[in-house]
Amino acid sequence: MELQAVLMAAGGGSRMTDLTYSTPKPMLPVGNKPLMWYPLNLLERVGFEEVIVITTKEVQKMMSTDPKMKPDVKMKMEVVCVPEDGDMGTADALRHIQQKIKTDILVVSCDLITDVALHEVVDLFRAHNATLAMLMSKAYEFTETVPGQKGKKRTAEQRDFVGVDQSGKRLLFMANEADLEDGLSVRKSIIRKHPRMHIKTGLVDAHLYCLKKAVVDFLTENKSISSIRGELVPYLVRKQFSNAVNSQKVKDDSEDQTQKNNESSTNHELLISSRDESLLQLAQERSCWNDHRGDMCEAYHGGKLRCYVHIMDQGLCYRVNTLAAYIEANRQAPKLFDEPPVHSSAAISERCQVGSDSIIGAQCQIADKTSIKRSTIGVSSTVKERVKVTNSIVMHGVTIEEGCNIQGSVICSNAIIGRGADLKYCLVGNGQRIEPEAERTNEVIVGTDQLMEI
Amino acid sequence: MADSGVTDGFEKTGGIERAKSEGKELTKEEKQRLRKEKKQQKKNKEKKDDRASQESGREKQGVSSAASAPQPSAQSAAQKAPSAVPAPVPVPASEAPAPAPAPADKPAKSKAELKAERRARQEAERASKQGKKGDPGQPGAAGKPKAPASELQPVVKRLPEHIQVDNPDVLKKLAKKLERQQIPLRLDYGYKVSLFSHLHQYSRKAPLTQQLSIPSTVIHPAIVRLGLQYSQGIVAGSNARSVALLHAFRQVIRDYTTPPNEELSRDLVNRLKPYISFLNQCRPLSASMGNAIKYIKKEISNIPSQCKEEEAKSKLLHCIEWYIKEKIILAAKAIAESSIEKISDGDVILIYGCSSLVNHILCEAFEKSRKFRVIVVDSRPRLEGREALRRLVQRGISCTYVLISAVSYILPEVSKVFLGAHALLANGYVMSRVGTSQIALVAKAFNVPVLVCCETYKFCERVQTDSFVSNELDDPDDLIVTRKGRTQLENWQQEPSLGLLNLVYDVTPPDFVDLVITELGMIPCTSVPVVLRVKNVDQ
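Chains A and B are the protein sequences, given in the same order. Just so you know, the working numbering puts 255 at position 255 of the first sequence, and the rest follows in order with no gaps. Just so you know, the working numbering puts 282 at position 282 of the second sequence, and the rest follows in order with no gaps.
Careful: at least some of the hints might be erroneous.
[To be verified] Between beta-carbon pairs, the in silico distance windows are:
id, chain 1, residue 1, chain 2, residue 2, range
1, A, Glu277, B, Pro381, 27 to 35 Å
2, A, Arg159, B, Gly485, 38 to 46 Å
3, B, Arg462, A, Pro234, 34 to 42 Å
4, B, Lys484, A, Thr201, 21 to 29 Å
5, B, Asn270, A, Met1, 17 to 25 Å
6, A, Asn222, B, Pro381, 43 to 51 Å
7, B, Pro381, A, Tyr235, 34 to 42 Å
[Stated by the list, open to error] As a list, the in silico DSSO-like pairs of lysine-lysine whose alpha-carbon atoms are at most 30 Å apart:
id, chain 1, residue 1, chain 2, residue 2
8, A, Lys169, B, Lys205
9, A, Lys188, B, Lys484
10, B, Lys333, B, Lys416
11, B, Lys368, A, Lys213
12, B, Lys416, A, Lys102
13, B, Lys205, A, Lys335
14, A, Lys213, B, Lys205
15, A, Lys304, B, Lys325
16, A, Lys138, B, Lys308
17, B, Lys308, A, Lys102
18, A, Lys76, A, Lys102
No lab work stands behind these hints: they were computed from the structure. Ideal Cβ placement from N, Cα and C applies to all residues, glycine included.
Given these sequences and hints, build the entire structure.
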């Protein structure tokens, strides 16, 4: 078997607590499908037949009981539960399932919505025998107004500095602004080997990684690494140019295996390669290919650890971990599946206007004289007469009484909007009731128990 | 007299048959007679029509008796058919055991007589049918290269599929075969220059993995990786490709388990066939790879059926290891040793492109303290010479670097030319990177000796006299350069009268090559068929 897929669905959604305090992030409806469905669909489309899903007990329960939450994919899903206390990072989760991992892995996060041609990433992993291959995309500027956001947009989140070589494929440098205290320092060894480096800041990490099995073994040895994105990836990128690693390389063109055995360094787990290392070495020596030119070094500068990145410049790629991203994803999600936007079982009365870019879920009841434009109505929701819903996201089981006007808002599950309410750019939490004739603008309406949480 | 001759002949057949049926060993004379008869049969089948009459005359003389009754009838029947050879063939065959008469038995006589008559009738029918079939010159019809009744026309072998890309029937057959093996079909890209429209032309930006499922189940992951490395050019060069192929096969064999009710020797070969088609789609197989595959397949089929799986697998892994060690590594050492004798102090050696073997030779010669300098000739679009230059300069050899357009300028300085080869063809032509024949030609004009270094496992039984018939077309977009931010040829496909051609190989005639250095010794180019024959006998 070539690759095993691992879906990380235990994340808490810490950047959109308003949405996730009641519904776990993997189950948030996007285009009336649970968020988890999108990466699973991606994996299924390219041909995976099995996936290991790492999630919490709550999500697992929801998956098995709630029919509308069930991601209906044909793959065999092996669900592994991790404790919910939130201290388990993604790398810790990998360590947890180390026994199940028999080959190289493809780690995907549950909040990734993309239509990337996955073979681009995996081909880099295969062709160059890389240790890490990841996907990044040009960051998208969210233009929709986010409910509850007061004033100007917050200052940009901590930026990522990503350094790639001239071909744009080899990953040379990766650091987060938070880790850089007084400026960006680049090691001389990197500059010597790759004199031309492009540093990009406007990229978003799609959290899709192809990792060699040796990395998982390495993680079990080094228990200090707890997050893939935060710690493991920068570590691997740094280790590419580490001297300890490169001293293992054979200097001449001769295949002298004894030399290699003598100089084993402590990081040999990362460099575990196939048993026919000598044959591979021979093939590489005889091959007249080099990945760079201008200096006297052999291909890959003799380094055994290589990290590659595929940067998408076209197509969809969203990480739904903020409210703005969630809203944008709801707009774009219909492009990713071919179901008709209006579900067959929805009861839509004749005299309502449903825009072509709106999605109506199953068993909805839309009464007369309503107008639904650029919105998503969840499963089993009821919309009474003379309601105008524009640019909004209405989740499951919501009741909207007559005469309401909802614009640019997010209404969570099981909320009830009273008659005649006027909501602009609001976020109504789970199970909330909006009293009739209420007028709210740019507010986040959540339960009092949530106000205590920071 | 004729009748007695006939009876003698039939008696003899009867005698041998009787002996065989009785289970007695054939006497020495009878064995000799059988051998002679087999030889004569073979000879008769290979002779042409114009010698048929001579042959039949000789046959008659060979046979101690004169023409018999069935013979003229058979001959007349044969003469009805367009060719007369097959008819006399079986009849003398039946008569061949006739040299010495033997005691006759009545029942045996009649049986043998009937047999000969039946055979003569069959031949006559077959001959007439062949005549009706028509011209055997079509490649499809001449499936058997030695069709018995059509020796009037020259024998045409079937053309391989990979050089018939402009024939839609061949393409359809290929598509069907790939579908059966569950391998995606790679589509040709771009406009092909008309002289080469019979070859495939693929784009590097459309890898075959686009159409494969990501954890590839149909094809072993090692093979997918290898195919990707071939198509992207990461593994390039005849030796590197063969070694990488054998490495991938090692992994395949290690991961292989015999399904129940199947034999390893047959099932593994069938398992390898789709892999080979896949690799062929990624990049056309080289001659060295073809020979390696033939060797592996032979080794696999020679595994005895009672061999246990573990034993068989370890045996195969050993065979692969042996093949690489002997045919590639040791051969390189042997060739280096012989070549070093040809390199003298003060030499100026010209090399072209990046041949792993030539680089090895030069590095070894430098280790043995020969004083020489090297001129590296390079050509677009591959610019492999840069890699050769790097490897030589890293060792400390002093090098000069020129492009192929300057080769006639630099040749007066050169004392020897060392060339690597991709394959050596059976008629002595050298198939190598495009540009090699140019260099050999110019070197010949300047009277500079040209030495080709090639291991014997690259010797190929194909015959080619020009570079058009069978070649490889690389991605035409490789020829596009961007200088100062401008790419002039960006939209070359929109120009109706422009075609980009990126050839990979060319053939050098043996007149331009002075010596071929192999691990079997230094041979002239024309001795390649001898080596091939010796190799075949060995196997």
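Exercise. Honestly, do Arg159/A and Gly485/B meet the 38 to 46 Å range at C-beta?
Worked result: 29 Å Cβ-Cβ, so the 38 to 46 Å window is violated.
Exercise. So the hint says 17 to 25 Å: do the beta-carbon atoms of Asn270/B and Met1/A match that?
Worked result: For Asn270/B and Met1/A the Cβ distance comes to about 21 Å; the hint holds.
For this session: Given the hint that Lys213/A pairs with Lys205/B, test it: the Cα-Cα distance must not exceed 30 Å.
Result: 28 Å, holds
Exercise. Does the Cβ-Cβ separation between Pro381/B and Tyr235/A fall within 34 to 42 Å?
Worked result: 39 Å, holds
Exercise. Regarding the pair Lys308/B and Lys102/A, is the alpha-carbon distance no greater than 30 Å?
Worked result: With a Cα-Cα distance of about 27 Å, the restraint between Lys308/B and Lys102/A holds, given a limit of 30 Å.
For this session: Take a quick look at whether Lys188/A and Lys484/B sit within 30 Å of each other, Cα to Cα.
Result: 29 Å, holds
Exercise. Taken at face value, is the distance from the CA of Lys102/A to the CA of Lys76/A at most 30 Å?
Worked result: Between Lys76/A and Lys102/A the Cα gap is close to 17 Å, so the pair holds against 30 Å.
Problem set entry | Given pair status - Lys416/B, Lys333/B, alpha carbons within 30 Å | 20 Å, holds
Problem set entry | Distance restraint hint 21 to 29 Å, applied to the beta-carbon atoms of Lys484/B and Thr201/A | 28 Å, holds
Exercise. Given the hinted pair Lys169/A and Lys205/B, is their alpha-carbon gap at most 30 Å?
Worked result: 14 Å, holds
Exercise. Does Lys308/B lie within 30 Å of Lys138/A when you go C-alpha to C-alpha?
Worked result: 56 Å, violated
Exercise. Is 27 to 35 Å right for how far apart the beta carbons of Glu277/A and Pro381/B are?
Worked result: 32 Å, holds
The structure fails hints 2, 3, 11, 12, 16 (numbered hints given earlier, in ascending order).
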